[in-house]
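Chains as they are written, first to last, in the working numbering: chain W, 1 to 110; chain F, 111 to 220.
Source of the hints: derived by calculation from the structure; they are not laboratory data. Just so it is clear, the structure is predicted and the values come from calculations on it, not from any experiment. Backbone N, C-alpha and C fix where the C-beta goes; we use that ideal spot for every residue, glycine too. One thing to keep in mind: the hints can contain errors.
[Claimed, not checked] Here chain W is said to cover these stretches of chain F; the calculated rule only asks that three of the stretch's residues, wherever they fall, bring their Cβ under 8 Å from a Cβ of chain W:
(1) 144-153
(2) 156-170
(3) 206-220
[Said to hold, decoys possible] Non-contacting residues of chain F with respect to chain W, defined by C-beta distances greater than 12 Å in every case (computed):
(4) V122
(5) P124
(6) E136
(7) S175
(8) K189
(9) L193
(10) S194
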Amino acid sequence: EDQVTQSPEALRLQEGESSSLNCSYTVSGLRGLFWYRQDPGKGPEFLFTLYSAGEEKEKERLKATLTKKESFLHITAPKPEDSATYLCAVMGGSNYQLIWGAGTKLIIKP
Amino acid sequence: SQTIHQWPATLVQPVGSPLSLECTVEGTSNPNLYWYRQAAGRGLQLLFYSVGIGQISSEVPQNLSASRPQDRQFILSSKKLLLSDSGFYLCAWSTGDTQYFGPGTRLTVL
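When you get a sec, could you build the whole thing from the sequences and use the hints?
Structural data, given as structure tokens:
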């Protein structure tokens, strides 16, 4: 069964304290792995798509990496405005629908 | 550039009343359209998706229905709302693998 698990459920960091969020997945034939950011009461905002193991993408303080079993979202020197819930989703090769994780709530304290 | 609109932003409805949520996309043609529901602390649940006018696929049996009367318009409806229909409803569009989300509608059924 296709499945996505995100950890931790919540993460509290001090401003400037770097860390990583994890997205573990099981899927038949990965077509793509997607990262989104969601602010309270708003729709998810697209961040990255990763297609193959070893691929990395960066945007400002965020870097996403992909292996055959998991993806990491690394956040370097975060600021309070990085506080949000980060969602991970995968698309399998046999089904074009997205399988979603429950998200990691990131809180950055000034 | 492409934009997606959803309305209303919030809605409070009594049990047994009808529902109509609307989603429109601008700046693209023949998009795939999706309706999701998001419960607190859970991943997004796909309700319906459409690959063209009049073409609707349902992912879960439920009290809701969807229609696509125009290329860039997607409507979520119910004849009689249940308490369990409360949640955050999201519309999304895609023309490739990546889905882009609207701002969402917060529905409370009392």
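Hints versus structure:
Counting residues of the segment 144-153 of chain F whose C-beta lies closer than 8 Å to any C-beta of chain W gives 3; at least three are required, and the coverage claim holds. Counting residues of the segment 156-170 of chain F whose beta carbon lies closer than 8 Å to any beta carbon of chain W gives 3, which reaches the threshold of three, so the coverage claim holds. A count of 9 residues in the segment 206-220 of chain F with a Cβ less than 8 Å from any Cβ of chain W is obtained; the coverage claim is therefore met, three being the minimum. Chain W leaves V122 of chain F outside its interface by the beta-carbon criterion, the shortest separation being 15 Å against a cut-off of 12 Å.
Distance check on P124 of chain F: its Cβ is at least 23 Å (rounded) from any Cβ of chain W, clearing the 12 Å threshold; non-interface status holds. No Cβ of chain W approaches the Cβ of E136 of chain F within 12 Å, the least distance being about 15 Å, so the stated non-interface status holds. Separation of S175 of chain F from chain W is adequate, the least Cβ-Cβ distance of about 19 Å exceeding the 12 Å criterion. For K189 of chain F, the shortest C-beta to C-beta distance to chain W comes to about 26 Å, beyond the 12 Å cut-off, and the non-interface label holds.
At the 12 Å boundary, the C-beta of L193 of chain F stays outside the reach of chain W, the nearest C-beta of that chain being 21 Å off. Every beta carbon of chain W lies more than 12 Å from that of S194 of chain F, the smallest distance being close to 19 Å; the non-interface claim holds.
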